[in-house]
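**Q** If you read the protein sequences in the order shown, they are chains A and B. Taken in order, the first sequence gives residues 1305 to 1580; the numbers are from my numbering. Taken in order, the second sequence gives residues 25 to 190; the numbers are from my numbering.
Be aware that one or more of the hints could be misleading.
[Stated by the list, open to error] Okay, derived cross-link-like pairs now, DMTMM-like style, lysine to aspartate or glutamate, Cα gap no bigger than 20 Å in a straight line:
#1 A/K1515 to B/E142
#2 A/K1396 to A/E1549
#3 B/K176 to B/D70
#4 A/K1383 to A/D1371
#5 A/K1562 to A/E1549
#6 A/K1562 to B/D70
Because the hints were derived from the structure by calculation, they are not lab data.
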Amino acid sequence: MRTSTPSFSNLIKHPLATIITLLVISLVLLSLPPNISGCIKMTCSAPMRPFQWATCFCSNKASAFFDNVISALHDAQEKRHLEKQVLQIKNKLVEQQDTIYKLQNKLRTLSKFQTENTAVKKSPILADVIGYDSSNFRKSITINAGSKQGVKPNDIVVSDNALVGKITTVSKRHSIVQLVTDPAARIPGRIVRTREQVIVEGNATAFCKLKYTPRWAKLKKGDDIVTSDIGGLYPPSLPIATVVENETKSGALFQSVKVLPRVNISKVESVLVITQ
Amino acid sequence: MRWFPFFCILFSISLFQSTLMYWITLGSAAPDLYFPFVVFYSFLTDIKRNTLANWLTGMSKDVFSEGSFGINSVFFVAIGFFVWSFREILFRGHLVTQILITFIFSVIYNIAYTIHQEIFFYSLSLSATLWMIFCCSLYTAMIVPVLFWILKKFQPTQKLFFIKDN
C-alpha cells in the first residue's frame, strides 16, 4: 500500500495549520527587539502616511471651518485666542517661577552667582500631527517629520511651551511620539512650589499620575509640575502637568496624585521637536 | 468571501481609526472599529478565512499602534476562533446577538490587552481602567449596527444565516 507525504501547500490548507502558522508569525514578531519591530511598523505603514496626512488635513480644515462658524455666532474665537495666550503666559510664568526658585537656592547655598548652564542650544523642528494611536490603551501620535528633517529617537516634543512627549520611532519622513499619557511614559518631574521630585506616569487616560510623591509633600490643586534635569533626557523647567487631586491613603507609602497634562493632545495640530 | 472589499474596508477602518477618532470620541470612550470587523468575519466565513482575516486585522491594528508588534493579531485570532467555534448555537443574524457578542468579547479582549500592558508597565489604575474598558466596549458594541450594515453591503449577507464550512 502506497502512502504519500503531505506537501506544505496541503498542510497549510488545514485550518489548524493555518492558525498555528499565523500565531507563530505573530509570536516571532512579538519577540523582535523594539527597534526592529518599530522599523517594520514604519515600513508597513509608510504607504498609508500620505492618506493619513490628507485625511488629517481635511479633518483639521473641516474642524476649523465648524469652529469658525460657531465662533462667528458666539464670538468665541477671540476668547480662544486669549485663552491660548494666557496658557502660554502661564506656562512661561511657571518656567520663570521655577527658575526663580532655583536661583534662590543657589544664592542661599553658594552665595555667589553661577551662570545657568541649563540652556542647551537646541534647534526646534515644526511638524504636523498626521495620525493617532489605533489602540485605546496606548497614547501616541504620528508627525510628519523624520530623520530627513533631523529627528532622532528620544528627541523631545513640545507644544505651547509644554511637554507633549518624546520620539520613539523614526522613519525617513515620519516619527512616532510617545505621549506623556502613554502607560509606558515615565518623566522625571519636580513640583514647582514644594520642590519635591516625582515621576510623571501615563495611564492611558486623559490624566497622568505622580509616582513616588512623599506622604509629607503638601500638594494643592493647581500645583505645577515641570521637568527636572535628572536623567538628562528632558530639558529642565518644561511644564508637564497640573495637580488635579491628591489623596493620602492610610498605610500607603506615597500619595496618590492625579495630574492633568498641560497640553490637550486632541486639540494639537502641530508640534515642535527639540533636537539635541 | 471577497478579499478585495475586505482589504478596502480594512484600509478605510485603519485610516479612520488612526486619524478621525477624535470626531467620535465621547470623553475617554473611543470605539474600536476593528473589533466588529473581527466578529463579522467570525460569523460569516469558514475557520481558515476567518483566521486569516482576523490575523490581518490584528496586524493592521498593530502597525498603527504603539507597543508590542503582533499582540493584537494573537488576540484577534484567538477571539475569532472562539466566536467561530460556537456561532452555530447563536442567532447570529439577529442584531441583538451581534451587539451582545461584540460587547462581551470586546470586554474580554480589552481585559486581556490591559493585563498584557500591566505586566510590562505597572501603570494602569484598576478602577479607571475597568471603567474605560466598559465604556469603550459599550461604545464599540453600539456602533455594530452601522458597521455591520456597511460590511453587509460589501460581503454576501445571506450566508450569515446558513453557513456551510468549506
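**Q** Could you run down the list of hints and mark each one as holding or not?
**A** Here's how the hints hold up against the structure:
| no. | hint | verdict |
| --- | --- | --- |
| 1 | A/K1515 to B/E142 | 16 Å, holds |
| 2 | A/K1396 to A/E1549 | 23 Å, violated |
| 3 | B/K176 to B/D70 | 16 Å, holds |
| 4 | A/K1383 to A/D1371 | 12 Å, holds |
| 5 | A/K1562 to A/E1549 | 5 Å, holds |
| 6 | A/K1562 to B/D70 | 48 Å, violated |
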